[in-house]
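Residue numbers (the numbering used here), protein chains in the order written: chain A, 354 to 867; chain B, 570 to 823.
To be clear, the hints were calculated from the coordinates, so they are not data collected in a lab. All figures in this text were calculated on a predicted structure; none of them were measured in a lab. Check before you lean on any hint, since a few could be wrong.
Stated by the list, open to error - 25 Å max Cα-Cα, derived DSS-like pairs, lysine-lysine:
hint: 1; chain 1: A; residue 1: Lys655; chain 2: B; residue 2: Lys715
hint: 2; chain 1: B; residue 1: Lys692; chain 2: A; residue 2: Lys388
hint: 3; chain 1: B; residue 1: Lys644; chain 2: A; residue 2: Lys650
hint: 4; chain 1: A; residue 1: Lys531; chain 2: A; residue 2: Lys717
hint: 5; chain 1: B; residue 1: Lys719; chain 2: A; residue 2: Lys865
hint: 6; chain 1: B; residue 1: Lys665; chain 2: B; residue 2: Lys571
hint: 7; chain 1: A; residue 1: Lys774; chain 2: A; residue 2: Lys532
hint: 8; chain 1: A; residue 1: Lys820; chain 2: B; residue 2: Lys794
hint: 9; chain 1: A; residue 1: Lys774; chain 2: A; residue 2: Lys717
hint: 10; chain 1: A; residue 1: Lys413; chain 2: A; residue 2: Lys509
hint: 11; chain 1: A; residue 1: Lys413; chain 2: B; residue 2: Lys719
hint: 12; chain 1: A; residue 1: Lys461; chain 2: B; residue 2: Lys708
hint: 13; chain 1: A; residue 1: Lys465; chain 2: B; residue 2: Lys719
hint: 14; chain 1: B; residue 1: Lys708; chain 2: A; residue 2: Lys863
hint: 15; chain 1: A; residue 1: Lys413; chain 2: B; residue 2: Lys643
hint: 16; chain 1: A; residue 1: Lys505; chain 2: A; residue 2: Lys616
hint: 17; chain 1: B; residue 1: Lys571; chain 2: A; residue 2: Lys650
hint: 18; chain 1: A; residue 1: Lys865; chain 2: B; residue 2: Lys794
hint: 19; chain 1: A; residue 1: Lys865; chain 2: B; residue 2: Lys708
hint: 20; chain 1: B; residue 1: Lys643; chain 2: A; residue 2: Lys388
hint: 21; chain 1: A; residue 1: Lys606; chain 2: A; residue 2: Lys616
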Amino acid sequence: MKTGMRTLALGALGFLLLAAQPAAAKPGNAGNGEKVYNERCVWCHGEEGDGEGAGGAVAKYLNPPPRDFTSGMFKIKTSPFSEDFPNDADIFRMIRDGMPGSDMPGWKSVLKDEQDIWDLVAYVKTFAELEDEPGKTVDYGTQVASAPESIKKGNKLFHDGARCSECHGEEGKGDAIKKLKGDNGERTWPRNLTKPWMFRGSSDPKDIFTRISTGIPGAQMPSFADPKSKKKLSIEERWHVANYVNSLAKTDKTVRAGNTVVKADKASGDLPADPGDPAWEAATPSTFYLVPQMIYKDRVFKLSNDTITARALYNDKEVAILLEWDDRTKSIPGDKDAMTIADPEMGEDRVAIQLPVAIPEGMKKPYFVKGDAANPVNLWYWGSGTAETPGNVRLGNGTGVDSVEDRDAAAVGLKAKGVYKNGTWRVVMKRPLVTADAKTDIQFEEGRYTPIAFQNWDGSNGEIGSKHTLTTWYWLLLKPAADNTPLIAALILAALVLGVEILWARSAAKRKEA
Amino acid sequence: MKRLIQLVLTFFGVYVGFIVVFDVLLEHAVIPSSLLMMYMFFVGAGVFMVFTFTEESMNELTAPIKALVEDPSKKMIRNVVFLLVPLAVGSYAYAKMIPNFEAPLELRTIHPAPPSSVKAYGKRYDLMTLENPYRKFEKEDPEKFKKYVKEGGMVYVKNCQYCHGDKLDGRGPYAEGLNPTPLNFQDVGTIAQLQEAYLFWRITTGGPGLPAEATPWLSAMPVWKDFLTEEEVWKVILFLYDYTGQRPRSWESE
């Protein structure tokens, strides 16, 4: 009986494990695959499988563009570097789970029958006339578990002779000094390794090991298992690098679902004016997604900077906000280094904080992109400056997407300072809590939920003027300093209850005596 | 003692029942804590009335409490209870009073009542009578209809999928950065409940065209009459229904 139960449990476990893994490739029916393809995939990947869906319009607007199946090359594969083509299970996984950070969703919610996905694999392969699969995978050796010692070794290998940091940057933020291109001539960017949500094939050490070992076909990421490579790594070394990269992806600058409030703590002394001031470390970071501005002309479609992190502090006189965002390029128009990496038509890197001129009493807020006529917004702009003019701060009052009135930032005491280092901009903006004119400028109040939004420009991504990224409205709260009221109230209440109890017990005892 | 335990068990049994139904079975369906509090107040009052209906039952209920206070042999338990009760009251009050700094709750109407007419493309459309000019081909000329659906799909993939997603599930690559989140057309509670004329109104006038109860200042839906032709809007509407397998509501079907 007991062994029977155990067999059953083991069987169930085994079944679960099997269900979680893509099973060994099943023969797919390309005929049915074509049917599913024409229903689901043709829109982006095109009738010819060349990634030219909707007459090539989609490829123009997506970063990365849809895969061109006619080459037979797939970026995320587990076959060894010596094999040009992927295993069937690799294609299966990309269709089933999708590719994070790209437009490709996981299709398992729609294609509930896994056989449909295997059929798609068979059909997709016909575009490149692929028949067999390599049937081999990268040699994983013995996995080295992630531990401080391994991460340290990986760190060294990552930076040795700029093995990985050449493209991925000193801190792994992909702040390349090289212009990279994919096989179809499209611009590609080295992965920012501190953003796990952008890893197309997951940030699990095993997946990272696979990428390091086999490279990314169709892009410039090479294989570090290739014995001919000057930068080659042994299996064990690749595990160390994988563990190091995985450790980079653990960051507190991730979007936390449901977190919509930038909470400013009250500081006793002066507020830090420098982005590098250690006082900022005590402030809680809140990270929000940046979305391309697609609402009015001119629009932007290809996302570059995808998140922005805000912290805030205040004292009796001022409020200071620190904005941080990863940007692979320091865009200074006129600067020689910046010009070589940028796409043509480079602008400054810029950021804006948007606040309502009047803190709303009810739910109604200004329109979330630059306000509206009845509900104007303040826009605090900071720009990285050009080779001739240094970084600058500007103030604007917005009453609509096309109407922002330029104002004098110095007149209201608005100040800003920005610093770029290793792939990250850090900008501090500061303003007095109150100004002379409440009709034109926001007057901050402690404890009031104040709408706040952000806009961002990556000048090297062609983001100029109305081409920028933005966030929806979030909240800024100048958190009142904690006081003892709740504690005192709780103690008084507890004492009252205790008093009543004692009186009750006493009167009961008296009655007994009587 | 038995009666007292019964009362407490009944009360908490009902409470757990609410939690099981709303939080577990219906996976966090809407029951705000304030509403649950109100329900439990009535439950508490009702249970108390039932348990104290006769003087006898009232006595039976209060007897163990009286005994606890008055019986010298129960002094130990009494002291413990008398210490725990103020502690519980105090810590509850403290937890309630400490500010939690949660964002204010904002409610909005997802499908607000449409206006009677909408202005676009230099014309005024009466939403009561407006119909999709391509819908009739579904019966009259299925081949032609298929062609229009496909053209609608092209409009969708070039313009809408960034937010509404390749699967039309409202989970496009930029959906998470928006509030309100883009509509999920696969959901039976969205386009299947609406007429095509309603969709025409929502698409052509976008977020800024919403009435106040639907928070037009928050919606990231563009004013599509600035980007798409009238024909493109009608074709993309065909595509939305065709791809998801939903049917638009119409006056005839009601």
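Hints that the structure is at odds with (numbers, increasing): 1, 2, 3, 4, 5, 6, 9, 10, 12, 14, 15, 16, 17, 18, 19 and 20
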